[in-house]
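Engineer: Protein chains in written order, with the numbering used here: chain A, 1 to 191; chain B, 1 to 191.
Think of the hints as simulated: they come from the structure by calculation, not from any bench.
Remember, it's a predicted structure, so these values are computed and weren't measured experimentally.
One should not assume that every hint holds.
The list treats identical chains as interchangeable, and a pair is accepted whether it falls inside one copy or across any two copies.
Using 25 Å as the maximum straight-line C-alpha spacing, the simulated PhoX-like pairs for lysine-lysine come out as follows [stated by the list, open to error]:
{"#": "1", "residue 1": "K149", "residue 2": "K132"}
{"#": "2", "residue 1": "K130", "residue 2": "K183"}
{"#": "3", "residue 1": "K186", "residue 2": "K130"}
{"#": "4", "residue 1": "K49", "residue 2": "K30"}
There are 2 protein chains.
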Amino acid sequence: MIRTNTAFLDFILVNQDHYPEGSVQELSIKKGQQLIRQRSSVNAVSIVKEGIAKCFLYQEDGTDFILEFFGPGEVVGEIEMLNNEMSFAAVEAITPITVLRISRDWFNELLTNDPVFNHYVLKLLAGKVKYKATRFSFAQTHTVEQTLKKMLIDMPDLLEVISKKDLVSYLGITERSLNRTLKSLKDNGQI
Amino acid sequence: MIRTNTAFLDFILVNQDHYPEGSVQELSIKKGQQLIRQRSSVNAVSIVKEGIAKCFLYQEDGTDFILEFFGPGEVVGEIEMLNNEMSFAAVEAITPITVLRISRDWFNELLTNDPVFNHYVLKLLAGKVKYKATRFSFAQTHTVEQTLKKMLIDMPDLLEVISKKDLVSYLGITERSLNRTLKSLKDNGQI
DNA sequence: GAAAGTAAAGGACATTTGTCCCAGCTGCAG
DNA sequence: CTGCAGCTGGGACAAATGTCCTTTACTTTC
C-alpha cells in the first residue's frame, strides 16, 4: 500500500550525472510540508528518493481523501505536466523526505528524446491506473473490517508507519469507524 | 461519466491510411460480447469508434465492479500491453460497438516512432488516473443519493443509456439500494 | 383473455458506518 | 499537588446500505 518504483529511481540516479546542470535538483522536505498544493500550477516533476509522502484530494467538506502513499521511486507532478493543468491533488510529506526534482523542460526533453525514460513514464502511469482500479474496487465492495484486515496482512507495521488520521483519510471513513474496527479485530484476536 | 476521446480517434482515423496493411482492423462487436476477458493475454490495443463498452472487474463474490464506460475514442488494452501482463479487467460491449484494433507490433512501433501518438497515449493514461481519482474520492465520501444526483445532473438520460444492473455495478451497491435511492429522488421531485 | 412464469420494485429487518457527546488520560501552569 | 486544556477512545443513537422475501407488473403460452 505504500507504493515504490525502485527501478525508475535507480535509472534516474544512474543517469543524472549526464543531465545538464540544474536539470535535476535534490530537495529535502520536512514532515508536513507540501510538495504540491491542490489547484496550483506545477512546473516540475519530483521523484521520491527517501521517505513517504501522501497524495490526497481536499474535499469541499473539509476532509481529505488519500489516493496513494508514495515511497521511494514514486513520481509526482507528471500528470499535471502532461495535461498542462493545475494540480488536482496535493502531495505532502508524512515523514521527512528527499526528492529529485526534474525541471519541466528537462522532463519534456527526456520524455521526447529518451525512449527508456519515456517507457518508464508510460509504465508508471499504467501502474497508477491499475493500482487505483483494484484498490477502489475492493474498497467499494468490502466492509472496512475486510479492507483493514487485508491491509494489516500486507503490511503488519501499518499502524506504526501511518497515523490514524491518515489511515482514516485513506479509507474514506471516520475516526470512530476506524477505532471500532480496530477494536473488533483485536477482540477477535485477528491483530 | 461515459468517457470519450474524440481527438485521439480523429488522429487515428486521419492517419490510418498511411499505416501498413493489417496493422489497424475495424471490428464490429455485438452487445454483450467481450472485447477483453479478465486474466487473459492481450495482443492488441483497441479504440472504440462507435458505441459504448464497460470496463469492469469480476469480484471473487460474483459481483462486477465497473471502472469506466468507454465511448468513442477511448482505448482499451494499452495498460496490459505496456506492462506485458494478463488483463486485470474485462471489457464488454453494452451497445453494439465498432472498434479499431491496432496490432501489438504496430502499437509498439507507433509508441516508439510517432511522438504525437506517444503523447496521446501518455495523456490518455493521465486522464484515466485523474478520472479514477476524482470519481472514487467523491464516491467514497458521499452517499449514494449524492453521487446519483450528481450523475443525473451531468447526464440526464443516464437511465435510458445505462441499464440498472450496470449502474449498480458502477456504483458498487445493490439493486435494492439503487431502487430506494431512485425512489427517494423521485419523491423529492429531484428527478 | 386467463393462467403461469419471470423480471422488477418495494417492505421489513439486519448490519455497517456516521454523528454526537462524554469519560478518562496526559501534560503543563500555577 | 491541583486544576484545567486538549487529545483519544468508546457508548448510544441515527442514518445509510445490505439481505431476504413478498408483492406487483409484465410476458408468454395456450
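Engineer: Run every hint past the structure and note whether it holds.
Structural biologist: Hint-by-hint comparison with the structure:
1. K149 / K132: Classified as both; 19 Å inside a copy, 24 Å across copies.
2. K130 / K183: Cα proximity of K130 and K183: none, with 31 Å in one copy and 35 Å across.
3. K186 / K130: neither (32 Å within a copy, 36 Å between copies)
4. K49 / K30: within (14 Å within a copy, 49 Å between copies)
Violated hints, in rising order: 2 and 3; the structure is consistent with all others.
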